[in-house]
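Read off the chains here:
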Amino acid sequence: MFHWLEKNPFFFAVAVFVVIAFAGLIEILPNFAQASRPVIGTKPYTTLELAGRHVYIKNSCNACHSQLIRPFKSETDRYGHYSLSGEYAYDRPFLWGSKRTGPDLHRVGNYRTTDWHENHMKDPAAVVPGSIMPAYTWMFKNTADIDTAYAEQLTVMKAFAVPYNKELPMADGSKVTVALADTVEGARASALEEAKVIAVDMKDQDVKDAVAAGQVPEIVALIAYLNSLK
Amino acid sequence: MNKTVLAAIIVVIAMLGFTYVAVGSAGGMGGDGDWVNKLAVLGAVVLVIITAFVVTKYVRQMQSDTASGKLADENWDGIGEYKNELPLGWAVIFLGSVVWAIWYFLAGYPVNAYSQIGEYNEEVAAHDAKFDAQFANMDESTLNAMGESVFIVQCAPCHGLQADGMGGKAADLHQRLAEKSVKYVIMNGGNNNLLGTSMPMPDRNGLMNANTNALITDAEIDAVAKYVAGGLKGTEGASVFAGTCAACHGPDGKGMEMVAPNIAEMSPSMVDMVLHHGKKGAIGQMPAFTNLTAVQYKALDAYVASLSKK
Chain R
1 MFHWLEKNPF FFAVAVFVVI AFAGLIEILP NFAQASRPVI GTKPYTTLEL AGRHVYIKNS
61 CNACHSQLIR PFKSETDRYG HYSLSGEYAY DRPFLWGSKR TGPDLHRVGN YRTTDWHENH
121 MKDPAAVVPG SIMPAYTWMF KNTADIDTAY AEQLTVMKAF AVPYNKELPM ADGSKVTVAL
181 ADTVEGARAS ALEEAKVIAV DMKDQDVKDA VAAGQVPEIV ALIAYLNSLK
Chain X
1 MNKTVLAAII VVIAMLGFTY VAVGSAGGMG GDGDWVNKLA VLGAVVLVII TAFVVTKYVR
61 QMQSDTASGK LADENWDGIG EYKNELPLGW AVIFLGSVVW AIWYFLAGYP VNAYSQIGEY
121 NEEVAAHDAK FDAQFANMDE STLNAMGESV FIVQCAPCHG LQADGMGGKA ADLHQRLAEK
181 SVKYVIMNGG NNNLLGTSMP MPDRNGLMNA NTNALITDAE IDAVAKYVAG GLKGTEGASV
241 FAGTCAACHG PDGKGMEMVA PNIAEMSPSM VDMVLHHGKK GAIGQMPAFT NLTAVQYKAL
301 DAYVASLSKK
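Chains as they are written, first to last, in the working numbering: chain R, 1 to 230; chain X, 1 to 310.
These aren't lab readings, by the way, just hints derived from the structure by calculation.
Where is the CB? At the ideal position from N, CA and C, for every residue including glycine.
Just so you know, nobody snuck in bad clues.
Restricting the straight-line Cα-Cα distance to at most 35 Å, the calculated cross-link-like pairs of lysine-lysine (DSBU-like) are:
(1) X/K180 - R/K208
(2) R/K58 - R/K196
(3) X/K226 - R/K208
(4) R/K166 - R/K196
(5) R/K141 - X/K280
(6) X/K180 - R/K122
(7) R/K58 - X/K279
Stretch-level coverage of chain R by chain X, calculated; a stretch enters the list once three of its residues show a Cβ under 8 Å from a Cβ in chain X:
(8) 62–76
(9) 109–121
(10) 125–137
Chain X residues, not near chain R, derived (Cβ > 10 Å throughout):
(11) I9
(12) T51
(13) I79
(14) N144
(15) G190
(16) T217
(17) G250
Given only the sequences and the hints, what does the whole structure look like? Please build it.
Next comes the structure, spelled out in structure tokens:
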């Protein structure tokens, strides 16, 4: 074997590469696997939250808002604890963003509420004087795509073993189970249940009527998603 | 003259030619060039000549050299090795790197390695220590200024820069309770941890009016809501308050320790509880704010409590 390698410089170079690459892999991969594991307290998105995430992506919120708090005091004072890689375990794709025209949103669920988001999405300058964010009034009329969200949930559960319907440990020691319906009808029903909880805190009568009639406006899904960012 | 020397002379002439073409007109050779340029060109010429000389010397030495010295005892397929002393410089560098490697392995890398989070922790600890020392004993105006600045950053997005709740989007902090809020809490009960413990207030089905010995009525709720929202002044609703609310909140509405919160005015401790636990009421949900330091809480509590007294 070694005699043969010594006589074939090309394959010798390949063998050297393989040996060094192997050494690199066994150093890098375990650490990578450890760091990308979900942080305790991170849970998969519910159907409505995921539909809201799709609304977030569809309207390119990530073009102006980051979801990545860097470990600087000025940032953690304003946004909360710096982000950890394991917190993005269920983000496909992650929405770190590359530019902050608006503030970071990675923990916006900790310090903003349903009614604030409702006021803000309708008329940003009314709650944040001087804000250059446009109003997103169509979100109050368009219906969220629950079916696609459910399809994504099923896919990630099967392809990436995302732990739906499993007990997950939370930071305070409790256990949480994120339920995933067996059928698309079940998913629509559970998304509507989530939407009703959000709509109670909202003021827009059209939104309330739509939820009462079994529809889920995009704004409700988006608020569910933003509230889940903690 | 052998071929090596000839080649060296040709290379030197060629390089001097390139140098002249490149910088000659820029002042190096001309009479009007400054001294720095002339020195630089002179340096380039000297470098070219020295390089040619050294290279020529070693090439000729390689051509004519014969090996000499004492051979080592071992030889491999007839290939032997001379016994040479270690070059001093090489030996010093080798031993030096052994010492450095031990230091690096034990102390240099694993213990003192740079960490982004470590730097963050140090930055925060240093800042907090400085902040606490600087504001340990604030006077009234500094406390107020700090409270106002924290308010603008943390509270103004919902309560507005004027703390007026921006037309009902959040609570108006210039009064303790709005009429709507009083009604909401009587209808639905309350449990906002204002005393630091989960101390529920019953809803209207648990609120007796001692004057009539019956459950509180809609008309009485309207009257007492106006009375409380108006700062417990006047006579309308006063008897309902005395009969229903005063049992827990006190005859003056200032609350009782461990029983009921102050509903006559905002107190710093009550504001502190709202900040720590959040609140859910007639307008909506207020989240808890847990990201402030003890000094900032103190300043913000005092500032918000002072708003309602203006």
